[in-house]
Amino acid sequence: MKRIVLMGNPNIGKSVVFSRLTGADVITSNYPGTTVDFSRGKARLMGEVAELIDAPGTYSLEPSNRAEEVAAEVLNWADLIINVVDATNLERNLFLTLELLEKDRPLIVALNMWDEAGRSGIEIDVKGLEERLQVPVVPTVALTGEGISELVGRMAEARHPAELEARSEEERWMEIGRITKEVQTITHRHPTVWDRIAQASIRPATGIPLALCIILATFWLVRLIGESLIEYIFDPLFELYLPIVTAISDWLGPGFLHDVLIGHLIDGEIDYVQSLGMLTTGLYVPFAMVLPYIVGFYLALSLLEDSGYLPRLATLSDNVFHKLGMHGHGIVPVFLGLGCNVPGILATRNLETRKQRFISATLLGLAVPCTAKTAMIFGVLGPYGMGYLILVFSTLAAVYVAVGLILNHFLKGECPEIFLEIPPYRRPSLSMVLKKTWMRVRWFLSEAIPYLFLGVFLINVLYSLGLLQWLGDVFSPFMESWLGLPGDAVTVLLVGFLRKDLAVGMLLPLGLDAEQLVVATTVLSLYFPCVATFAVLIKELGIVDTLKSTAVMAVTALLVGGAMHMVLMG
Amino acid sequence: MEIPITSLSAGTEAVVVTLLGHGCTFQRRLRTMGIREGKSLKVVAIHPLAGPLVIEVDGRQITIGRGIAQRIMVQVK
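From first to last, the protein sequence lines stand for chains E and P. Mind the numbering: the first sequence is residues 1 to 570 in this note's numbering, read in order. Mind the numbering: the second sequence is residues 1 to 77 in this note's numbering, read in order.
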């Protein structure tokens, strides 16, 4: 089977071209470096089925971070290269094109964002460019699909220009200068109102207040969507479901099967949060307590991503993140991590050095609560008032900064600075945003539900074996003296390894007071990543660094938990 | 007169004269982003607390850390 590799600079729509060609769903956004890994797909091209590979974006074939390393490696597999070029920024994109031409592979150029180039007054003589490069050049607008069929049609013409020999960097730039001068004409236009707003959003004096407003608006939107979904859709649905599950409960009668499926009855009735059965809590927590906020969060995130706001936020927050050993890029893992830590940790790949990736991933697992956890903390602690919620989340933020400062101080290694292109603002396409939200929600469901079921099942097995009581007894002196929590809280910490949202819910039957809940939710957030995050940590950091990272988390959790116990409860 | 772009104030336009030190990879990265000898650039914003600079080249904005920016020597137009 033929292998076709898509290569190009970051954030120029390669992934959109990929999904156009394969029909596959790929997450795309208006942020350089969204594709950190490569995706594969199959497509019928030139009369045969070919494998298509979407390489991470790269500015040149000399890699400067992991994503670019992957790109250079993927190139070696190619039987044919599709070089996606940003028509709005021809000069810079051609550097990679010239490098690719020197490789001994047939090449075709997709001149993408053709519409945007036209709008911003850039004209390119496609025929002239084709003659210059000696390979086919096809103007495309991947977002609408314009030009894609021509690209496919001309793929057979892809070739490798004959006489090329390796050039020095300077020779390449001179060649690029000659090419652009001949084939490109730029008409300058006056800055529009939008340009002025764009400028304001990146200057510190105007940009920082604007950023705060946007972040607050985002959280407001997430809450609005989440609460509306719960009130109007999910709670009524579970209301309808109650008689059914009650009937099952009566029919089963007491016993192990009842414990696993329905759980314990609270005052003779099923309590969706506290019963801890697969058909009760196992369904209610993911669908009626977490899913609505996940939908809200990913909708808001997709809007921020596609509009092109995130790189501005990275710029504005760079000075803070730089002091923590990272740079502005560090905000991307945080934002993704607020949805779910797993994609957040994958996004740390965009940071250049091992030290930066270690700090970013550790702080993420430690102090960035995912939506599932946040939703449950709101659910459990919300009734006691806003003050306690603020206490938990500001503690997490303080831990993020404090541990970041410490790690940056003591870890060896380099901390390269930010170097990031700011893409133009684009109006997010509604269908793209909805599609992305749906893909992420579907991913959440397929990841979360099996673990939730496993968690519920395991609790019931361990409970009936008497193991949980034993663990509770062993650790209760420590829990009581150090954290001020009952011994039973050990169970909650154990379950927290599987699913934090379920664990937070399990705090309810313990009958804790507000202060104890604050300590318990904070410790539960800090002490250890959930099993899915742990797995991806091992993949990204390696086993040694993962163990170091989790040691940092455990120690921090104990110290912070102990300190909070002393301050709050004396 | 050759000065690093960090000494410019926001809104100033200048021409790149030299890229100082730090090896091939560093210079290549700057060049592939459009920051090359002879090109005009404009300082859009300077962020406080040793924060980054935002510059505009070829109608595109790029955020660069203070340390990198110190090595971009320019001549004010």
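Don't take each hint at face value.
[Stated by the list, open to error] As a list, the in silico DSS-like pairs of lysine-lysine whose alpha-carbon atoms are at most 27 Å apart:
1) E:Lys127 / E:Lys323
2) E:Lys355 / E:Lys435
3) P:Lys77 / E:Lys127
4) E:Lys127 / E:Lys103
5) E:Lys42 / E:Lys355
6) E:Lys323 / P:Lys77
7) P:Lys42 / E:Lys412
8) E:Lys412 / E:Lys539
These are calculated hints, taken from the structure and not from any lab test.
Check the hint pairing Lys42 of chain P with Lys412 of chain E against an upper bound of 27 Å on the C-alpha distance. Between Lys42 of chain P and Lys412 of chain E the Cα gap is close to 36 Å, so the pair fails against 27 Å, i.e. violated.
Are the Cα positions of Lys127 of chain E and Lys103 of chain E separated by 27 Å at most? Since the Cα atoms of Lys127 of chain E and Lys103 of chain E sit roughly 23 Å apart, the hinted pair holds (cutoff 27 Å).
Straight-line Cα separation of Lys77 of chain P and Lys127 of chain E no greater than 27 Å? violated, 36 Å
Hinted pair Lys127 of chain E and Lys323 of chain E, Cα distance within 27 Å: violated, 50 Å
Hint check: Lys412 of chain E vs Lys539 of chain E, CA-CA at most 27 Å. Holds or violated? holds, 22 Å
Is Lys355 of chain E within 27 Å of Lys435 of chain E, Cα to Cα? violated, 35 Å
What's the verdict on Lys323 of chain E and Lys77 of chain P, does the C-alpha distance respect the 27 Å limit or exceed it? violated, 34 Å
Pair hint outcome, Lys42 of chain E versus Lys355 of chain E [Cα-Cα no greater than 27 Å]: Judged against 27 Å, a Cα distance of about 37 Å means the pair is violated.
The structure fails to meet hints 1, 2, 3, 5, 6 and 7 from the earlier list, while all remaining hints are met.
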